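Participant: FYI, in the working numbering the residues of the sequence shown are 61 to 357.
Fair warning: there could be bad hints in the mix.
[To be verified] Label-pair distances were calculated between CB atoms; the ranges are:
hint: 1; residue 1: His185; residue 2: Ala296; range: 35 to 45 Å
hint: 2; residue 1: Glu238; residue 2: Asp329; range: 41 to 51 Å
hint: 3; residue 1: Ala338; residue 2: Gly187; range: 22 to 32 Å
hint: 4; residue 1: Ser346; residue 2: Ala80; range: 12 to 22 Å
hint: 5; residue 1: Leu151; residue 2: Ser279; range: 17 to 27 Å
hint: 6; residue 1: Ala324; residue 2: Ser236; range: 38 to 48 Å
[Said to hold, decoys possible] Capping the alpha-carbon separation at 35 Å, the derived lysine-lysine pairs in DSBU-like fashion look like this:
hint: 7; residue 1: Lys76; residue 2: Lys145
hint: 8; residue 1: Lys76; residue 2: Lys119
hint: 9; residue 1: Lys145; residue 2: Lys119
By construction, these hints were calculated from the structure, which means they are not laboratory data. Keep in mind it's a predicted model, so treat the numbers as computed, not measured. Quick reminder that beta carbons are idealized off the backbone N, C-alpha and C, glycines included.
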Amino acid sequence: MSTSENTGFDQGITGKIFAAARNEGRGALVGYLPVGYPTVPGSLEAMRALCGIGDSGTKEYAGVDLVEIGMPYSDPVMDGVTVQKASTRALQRGVRVRDVFSAVEAVAETGTAAVVMIYWNLVEHYGPHAFARDLVAAGGAGLITPDLTPDEAGAWFEASDSYGLDRIFLVAPSSSDERLAATVDSCRGWVYATSLMGVTGARAQVSSAAPALVERIRSLRPQALAGVGLGVSNGAQAAEVNGYADAAIVGSALVATLIQADDAGSPDDLAGLRTVVADLATGVRSGTSESAVRLSN
Numbered sequence: 061m062s063t064s065e066n067t068g069f070d071q072g073i074t075g076k077i078f079a080a081a082r083n084e085g086r087g088a089l090v091g092y093l094p095v096g097y098p099t100v101p102g103s104l105e106a107m108r109a110l111c112g113i114g115d116s117g118t119k120e121y122a123g124v125d126l127v128e129i130g131m132p133y134s135d136p137v138m139d140g141v142t143v144q145k146a147s148t149r150a151l152q153r154g155v156r157v158r159d160v161f162s163a164v165e166a167v168a169e170t171g172t173a174a175v176v177m178i179y180w181n182l183v184e185h186y187g188p189h190a191f192a193r194d195l196v197a198a199g200g201a202g203l204i205t206p207d208l209t210p211d212e213a214g215a216w217f218e219a220s221d222s223y224g225l226d227r228i229f230l231v232a233p234s235s236s237d238e239r240l241a242a243t244v245d246s247c248r249g250w251v252y253a254t255s256l257m258g259v260t261g262a263r264a265q266v267s268s269a270a271p272a273l274v275e276r277i278r279s280l281r282p283q284a285l286a287g288v289g290l291g292v293s294n295g296a297q298a299a300e301v302n303g304y305a306d307a308a309i310v311g312s313a314l315v316a317t318l319i320q321a322d323d324a325g326s327p328d329d330l331a332g333l334r335t336v337v338a339d340l341a342t343g344v345r346s347g348t349s350e351s352a353v354r355l356s357n
């Protein structure tokens, strides 16, 4: 299932994006938005804005390196209040699983890679091989599966191997070394390191547990690539995270701008989103990250 024992950590598709960022002397920036919010067409425009596409329809500013497209779910295990609110509205407004492929296509058309964060029950209902097939056809790079552990992922290993998709599993500070190593070995692309125990949400500061978790990952598997999520909300925090990790993952702070616009009666107003994206993109470029130096040696 893993190539780590023979060739080192498998960077897959998305790990190479992290490597490209490191060649610029920085960590990568991953941005999350749910498909279907404020509407399906509106969410596609928001994802294009994540990629640096302005009102002109062309690239106007530095965007994220990788888009994490969330599929709203009625019973999420790790979504915080902000993401839950947007996801609930998206479900109420009729978002469907197939809409995630339209979102992937929209992102791919900008030249930016996309992964889908989705709860496994939805993939299982769709059919793992069918989902993998349609994801590849849309231009997707892989899946983040927050409620799926490697020992329960046999069907996903088969489907992802058949279609060459990345597998991004989550690890937490509470993970034992044995579980941590097994999870990293099961990943292709990178490992999602949750910096807090609990649900997503922007916070005043990122948990101090995050650097220790990344250090544990590297001590067990030196070639592994790790992105840190849960708590990153601004450029300064993204720069801090990329001082020790390979990527900073931002979600709630981005989703909050869409909720603010929606609540103000201007759901198509992406000015707030673009401001936050610009701040984050500037933050990750504000200095050479230790991860970039480590990986370039």
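Participant: Tell me if the beta carbons of Leu151 and Ser279 are separated by a distance inside 17 to 27 Å.
Facilitator: With a Cβ separation near 41 Å, Leu151 and Ser279 fall outside 17 to 27 Å, so the hint is violated.
Participant: Using the beta carbons of Ala324 and Ser236, state whether their distance is inside 38 to 48 Å or not.
Facilitator: Cβ of Ala324 to Cβ of Ser236: about 46 Å, so the range 38 to 48 Å holds.
Participant: Do the beta carbons of His185 and Ala296 sit within 35 to 45 Å of each other?
Facilitator: Distance hint for His185, Ala296 holds at roughly 41 Å.
Participant: With 41 to 51 Å as the target window, see if Glu238 and Asp329 comply at their CB atoms.
Facilitator: This hint holds: roughly 48 Å between Cβ atoms.
Participant: Is Lys145 close enough to Lys119, meaning Cα to Cα at most 35 Å?
Facilitator: OK: Lys145 and Lys119 at ~30 Å, within 35 Å.
Participant: Does the structure keep Lys76 and Lys119 at a Cα separation of 35 Å or less?
Facilitator: Within the cut-off at roughly 22 Å; holds.
Participant: In this structure, is the beta-carbon distance linking Ser346 and Ala80 contained in 12 to 22 Å?
Facilitator: holds, 18 Å
Participant: Can you confirm whether the C-alpha distance between Lys76 and Lys145 stays at or below 35 Å?
Facilitator: holds, 33 Å
Participant: Holds or violated: the 22 to 32 Å window for the beta-carbon distance between Ala338 and Gly187?
Facilitator: violated, 40 Å
Violated hints, listed in ascending order, are 3, 5; each of the other numbered hints is respected by the structure.
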